[in-house]
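Novice: Residue strings, one per chain:
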Amino acid sequence: MCTTCGCGDPELVPVELHEKILAGNDRAARHNREHFLEAGVLALNLMGSPGAGKTAVLEATARAAAAKGWRLGAVSADLATDNDARRLEKAGIPSKAITTGQACHLDAELVHRSLHDVPWRDVDVFFIENVGNLVCPAIYDLGQAANVVVLSVTEGEDKPLKYPVMFKAADLVLLTKVDLVPHLDVDLARVHDAVACVMPRPRVIEVSPRTGAGMDAWVAWLAELRAAVAPAGRRPAAGHAHDHGPHGHGHAHDHGPHGHDHTHEHEHGDAHGHDHGPARKR
Amino acid sequence: MHEYSLVESLVSRVEQEARERGALAVHRLSVRVGELSGVDPELFRTAYETFRAGTICANAPLALTSVVATWSCPRCAKPIARGAVLRCRDCDVPARLDDGGDALTLDAIELEVP
Numbered sequence: 002m003c004t005t006c007g008c009g010d011p012e013l014v015p016v017e018l019h020e021k022i023l024a025g026n027d028r029a030a031r032h033n034r035e036h037f038l039e040a041g042v043l044a045l046n047l048m049g050s051p052g053a054g055k056t057a058v059l060e061a062t063a064r065a066a067a068a069k070g071w072r073l074g075a076v077s078a079d080l081a082t083d084n085d086a087r088r089l090e091k092a093g094i095p096s097k098a099i100t101t102g103q104a105c106h107l108d109a110e111l112v113h114r115s116l117h118d119v120p121w122r123d124v125d126v127f128f129i130e131n132v133g134n135l136v137c138p139a140i141y142d143l144g145q146a147a148n149v150v151v152l153s154v155t156e157g158e159d160k161p162l163k164y165p166v167m168f169k170a171a172d173l174v175l176l177t178k179v180d181l182v183p184h185l186d187v188d189l190a191r192v193h194d195a196v197a198c199v200m201p202r203p204r205v206i207e208v209s210p211r212t213g214a215g216m217d218a219w220v221a222w223l224a225e226l227r228a229a230v231a232p233a234g235r236r237p238a239a240g241h242a243h244d245h246g247p248h249g250h251g252h253a254h255d256h257g258p259h260g261h262d263h264t265h266e267h268e269h270g271d272a273h274g275h276d277h278g279p280a281r282k283r
Numbered sequence: 043m044h045e046y047s048l049v050e051s052l053v054s055r056v057e058q059e060a061r062e063r064g065a066l067a068v069h070r071l072s073v074r075v076g077e078l079s080g081v082d083p084e085l086f087r088t089a090y091e092t093f094r095a096g097t098i099c100a101n102a103p104l105a106l107t108s109v110v111a112t113w114s115c116p117r118c119a120k121p122i123a124r125g126a127v128l129r130c131r132d133c134d135v136p137a138r139l140d141d142g143g144d145a146l147t148l149d150a151i152e153l154e155v156p
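So the protein lines, in turn, are chains A and B.
Taking our numbering, I'd label the letters of the first sequence as residues 2 to 283.
Taking our numbering, I'd label the letters of the second sequence as residues 43 to 156.
Calculated directly from the structure, the hints in this document are not laboratory data.
Some hints here could point you the wrong way.
[Said to hold, decoys possible] Pairs of lysine to aspartate or glutamate residues, derived as DMTMM-like cross-links and limited to a Cα-Cα distance of at most 20 Å, are as follows: (1) A:K21 x B:E84; (2) A:K21 x B:D132; (3) A:K21 x B:E50; (4) A:K21 x B:E77; (5) A:K21 x B:D134.
[As the list claims (entries may be wrong)] Some but not every residue of chain A turned toward chain B, in silico, with C-beta under 7 Å: (6) C8; (7) P11; (8) G102; (9) R122; (10) V182; (11) L185; (12) R202.
[Claimed, not checked] From the derived model, a few chain B residues whose C-beta atoms are all more than 12 Å from chain A: (13) E50; (14) T92; (15) W113; (16) A119; (17) T147.
Backbone N, C-alpha and C define an ideal beta-carbon position, used for all residues, glycine too.
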C-alpha cells in the first residue's frame, strides 16, 4: 500500500536482484559436480562444431585408455539419432544418447537426468559429448571438471576469433585431423595465435585420431586432471597398478585448470607433445 | 537459439519473486548482457517479446544494458588492447576479464505491490 498518504493505491517497489539468469542451471551443475567429485570421476564437457571430430577423438581415446586400464563412460548429445552413442559403444565406451530435439545445447539438468541411465560411478573418465555447436553450449555449466573444445584443421584458422565465448570457456583445445594439414592451405601457427587472443590460458594439443598422432599428449593431459580428481589411494581402479601418469607424481595438489595462478611447468616428455602458444611461458 | 530458454528462466525467476512479495504486476525488468555472455541482445529481446505474453511480465518493458568485454592485467591492472593476445607482456601473466564482460544478469525488477 502507498505509505505516503495511506490512500490504498498499489505502490511500485524496485527490487534489486543482481542475479545470474543461469543461476538455476549453475545450481544443478554444482550438484552434478559434487556427484562426480565424490565418486572420483573425472567429468569432461566435450564441445565443438558438428563434424569437428568429437566422436572420433573419443573412439581413439578408448584405444589409448585401454592401455592405461582406465574405464571410460559417455553421454552423447544430438538433436536427433543415437549414432554417436552407438559408435562409442562399439568402441567400448558404455554410452547413452541424449536426444535434445530442438535444443541446441546440453544443460545441467539434462545431464543429471541422463546419469540415471549410465553406470557413470564405475568409470575413471566420463565424457559429456555436447551437441555439435560452437555457440550455445559454451554458457551452460554441466558440472564438468574441464571444458575441452575440439577444433578441426579444416574449419579455418580464425574460428577461435569468430566464436570467442566458446574458446574463452575452454580449458583445452584439441586441434584435430592434423593428418590432413599437408592437403590443406592451413597455417597452424595462425590457429594458435587466434586461440591466444581469446583464451587467457591457451592450451592446445594437436591430434589425429586417425593416425594416433598427439594422442599420448592428450592422454597425459587427462592423466594430470585425473590425478587431481581421484587422488592416490582414494579410488584404486580395479585390476591394474595405479598409474599416476607420465610425471610420476603421487602428490595430490590441484592441477585442475580452474583458478591456478601458481607457476609450474609440466613436461609431457613425449614425441607428440605439441603444446604450443604462450601457455609455455607460464 | 538458447535465448528462448534463457528468457524462460528469467520469467520464472521474476514470477517467483513476484509471488513471494505478493505483487500484482511487474512494471520493468533490467538485464545486463556482457559481450562475452554468449547472448545476442537483439535475439534476447525478441525472445522476451515473444515469451512474455500471458506471463506476469506481459506489460513489463525490458531494459537491456550491453557491457563491452575488456581485459586487463590482474597484477598491474593495465588494459589489454582489444583483439590482442590475452596476456600482460610486462608482467607475463594471463589477462583477466573485467567485471561484467561475460555477465548475463537480472539486475532489478519493479513490482507493483498492494
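Novice: Quick check for students: does the CB of E50 of chain B sit more than 12 Å from each CB in chain A?
Specialist: About 10 Å separates E50 of chain B from the closest Cβ of chain A, which leaves it inside 12 Å; violated.
Novice: Decide, holds or violated, for the assertion that all CB atoms of chain A are farther than 12 Å from the CB of T92 of chain B.
Specialist: Since the minimum Cβ distance to chain A is about 15 Å, T92 of chain B lies beyond 12 Å and the statement holds.
Novice: Using 7 Å as the Cβ threshold, decide whether G102 of chain A counts as touching chain B.
Specialist: violated, 12 Å
Novice: Given the hinted pair K21 of chain A and E84 of chain B, is their Cα-Cα distance within 20 Å?
Specialist: OK: K21 of chain A and E84 of chain B at ~19 Å, within 20 Å.
Novice: Against chain B, with CB atoms and a cut of 7 Å, does the hint on P11 of chain A hold up?
Specialist: Holds. Min distance 5 Å.
Novice: Given R122 of chain A as an interface hint, is its Cβ closer than 7 Å to any Cβ of chain B?
Specialist: violated, 29 Å
Novice: Tell me if the interface restraint on C8 of chain A is satisfied: Cβ within less than 7 Å of some Cβ in chain B.
Specialist: violated, 12 Å
Novice: Taking only the CA atoms, is the gap from K21 of chain A to D132 of chain B under or equal to 20 Å?
Specialist: Answer violated: K21 of chain A to D132 of chain B is near 34 Å, above 20 Å.
Novice: Say whether it holds or is violated: W113 of chain B keeps its Cβ farther than 12 Å from all Cβ of chain A.
Specialist: Violated, since 7 Å does not exceed 12 Å.
Novice: Within 20 Å, alpha carbon to alpha carbon, are K21 of chain A and E77 of chain B?
Specialist: Holds, at roughly 15 Å.
Novice: So, R202 of chain A near chain B? Judge it on the closest CB pair being under 7 Å.
Specialist: holds, 5 Å
Novice: Quickly compare the C-alpha distance for K21 of chain A and D134 of chain B to 20 Å and report which way the hint goes.
Specialist: violated, 32 Å
The structure fails to meet hints 2, 5, 6, 8, 9, 10, 11, 13, 15 and 17 from the earlier list, while all remaining hints are met.
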